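Construct the entire structure; sequences and hints are all you get.
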Amino acid sequence: MALKDITLGQYFPGNTVIHRLDPRTKLLFTVLYIVALFSAKGIAAYAVLFAVLCACIAISKIQPKTILRGMKPILFIIVLTAVLNIFYTPGTPIWQWKFLKITVEGLWAAFFMVLRISFLITCTFMLTYTTSPIMLTDGLERLLGPLKKLHVPVHELSMIMSIALRFIPTLIEETDKIMSAQKARGADFDTGNLFQKAKALVPLLVPLFISAFRRAEELATAMECRCYHGGEGRTRLRQLRFRGADAAALLLGGALVAAVLILRSIGL
Amino acid sequence: MSDIIETRALRFSYPAAEGVTPVVLDGVDLNIRAGSFVAVLGHNGSGKSTLAKHMNAILLPTGGAVYVDGIDTADEDRLLDIRRTVGMVFQNPDNQIVANVVEEDVAFAPENLGVPPEEIRKRVDDALKAVGMYEFREHAPHLLSGGQKQRVAIAGVLAMAPRCIVLDEPTAMLDPVGRQEVLDTIKKLNRTAGVTVVLITHHMDEAAQADRLVVMSGGKVVADGTPKEVFSHVETLKSVGLTVPETVELCWTLRRDGLDLPLDALSDEECAQALYNLLTGAKNSTTTSNM
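Chains A and B are the protein sequences, given in the same order. Read in this note's numbering, the first sequence has 73 at position 73, and its numbers run on one by one without any break. Read in this note's numbering, the second sequence has 84 at position 84, and its numbers run on one by one without any break.
These are calculated hints, taken from the structure and not from any lab test. Keep in mind that a hint or two might mislead.
Covered by chain B, per the in silico footprint, the following chain A stretches (three or more residues, Cβ under 8 Å) [unchecked claim]:
id	segment
1	60 to 69
2	166 to 177
3	235 to 249
Derived, one-sided and incomplete: chain B residues facing chain A with beta-carbon distance under 7 Å [unchecked claim]:
id	residue
4	M88
5	N100
6	E104
7	P117
8	I120
9	E138
10	H142
Bear in mind that the values here come from a model prediction, so they are computed numbers and not experimental data. All C-beta atoms in this analysis are idealised placements derived from N, C-alpha and C, irrespective of residue type, glycine included.
Shown next as structure tokens:
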């Protein structure tokens, strides 16, 4: 697995309807989608959810290839969940060998679980792919704004998040560089058992951490030099504006939840 | 007030460890005139970066004082005024870019200053145009080249509308192309927008392009003048571990062997002219020719 494949938290600039939606809308829509996803029971509900996801991808002009590539690192989790579901769901067995048995219910459960995880990941990918991290944290900050009254450090948290997202590509690049440097000096990251592999990561993680701390310190100085002094009195380049498309998107999200609940109640 | 930055008997030392107090700056008196282009030259450990950090109150003097546009940098209530007057650009562009989109990064400083959104838009566009990165405004910074990233960082500081920019070895991590891009940008800002520039560097050729050159060593200013004046003191520079531009070095070596050459030839053309004059025996026909 090449590190460049990790696309988590990346933003692909564009100018589609989805890109232009208010980040608060996209956040709320994602929440609604996840609610619908976890309420879905039958194949019909999943079909509806899949259709919505496909429509979003098509409209946003994000390459399906990009999403598939982003899924790669979590393939292991998906496969593991599927396997566990296949073998550990009680029900009518269709195949049995000693203590291992596969049940019809297990196959269905595994199938739905794989769909659920993939949809969940894809819809969060769609959120970060189409929303710049600053807009995203801006939206989050506004949505969570009321919590400020309870002394929750909303601005600080959203700043931390946006900087973390900003540094993902930088740190990945750095990891790649350190890995190459260590490999050139004979480090072996690919062979051995799990324990040996974990141990081999030490010469990678130590320099990475040190460099991350140094970066953090320099960034803090640079931010101070640019007059950063917390969230008080800050203005924004982009004003968040709720437009017609936002209302439509939220209605769609609500309708999606309703549809899934209705399908659930009639057992589809 | 024609001095934008003034340091008076500036001393700085880190807190004592194991009985020794490392003195980094040892009595620096410097006046930087508004609108000038000053290069600060020195090898590693000469205190040049520490001096830079005193120019917008990242560090505060342990002795003496620093005034930015007449404001004492120790005055905490005026911190934002100081920082918006003197912008700072650092060595590693990756570690000063805050946002994932170029224009949002440039907007960071005016946002912090509470500038109204329409005005931020204008400032961002103007700053990006000034550094020639306007067409990249919607790009992700990590996909840009080093020189481009550094220009974005400069734009990010320009958006504060500072009167002075301090650049702490801005080209140290760049390739030759990137270096030239950044230098051209700095010079253009100084010439056309009248921004005061303080360039901290250890590259002779960069320092030679400034109006004024300050040489630091051991926390002190050891030479101060126009690049031509400073570089002609070849022995002084060599004694503090610095080299001089190759053209000066050549003239100096030849002079030592008894040839009558000036020591202020900083460009290849000037050096060639000086050698030509020497060989043809021409007198007083310095750089007035068509070179």
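These are the hints, each one checked on the structure:
Residues of the segment 60 to 69 of chain A with a Cβ under 8 Å from some Cβ of chain B number 0, which does not satisfy the need for three, so the listed coverage is violated. Proximity of the segment 166 to 177 of chain A to chain B, defined as three or more residues with a beta carbon under 8 Å from a beta carbon of that chain, is established by the 4 residues found. Only when three residues or more bring their CB closer than 8 Å to a CB of chain B does the claim for the segment 235 to 249 of chain A stand; here the count is 5, and the claim holds. A hinted interface residue such as M88 of chain B counts as satisfied when its beta carbon comes closer than 7 Å to some beta carbon of chain A; here the least separation is about 4 Å, so the hint holds.
Taking 7 Å as the C-beta cut-off, the interface hint given for N100 of chain B holds, the closest approach to chain A being about 5 Å. Here the hint on E104 of chain B is kept, as its CB sits about 5 Å from the closest CB of chain A, short of 7 Å. Proximity of P117 of chain B to chain A holds as hinted, the smallest CB-CB distance being about 5 Å (cut-off 7 Å). A distance limit of 7 Å between C-beta atoms decides the matter here; for I120 of chain B the minimum to chain A is near 5 Å, and the interface restraint holds.
Interface hint at E138 of chain B: satisfied, since its Cβ lies 5 Å from the closest Cβ of chain A, which is below the 7 Å cut-off. Against a cut-off of 7 Å between C-beta atoms, the interface hint on H142 of chain B holds, since the closest Cβ of chain A lies about 4 Å away.
In summary, the one numbered hint that this structure violates is 1.
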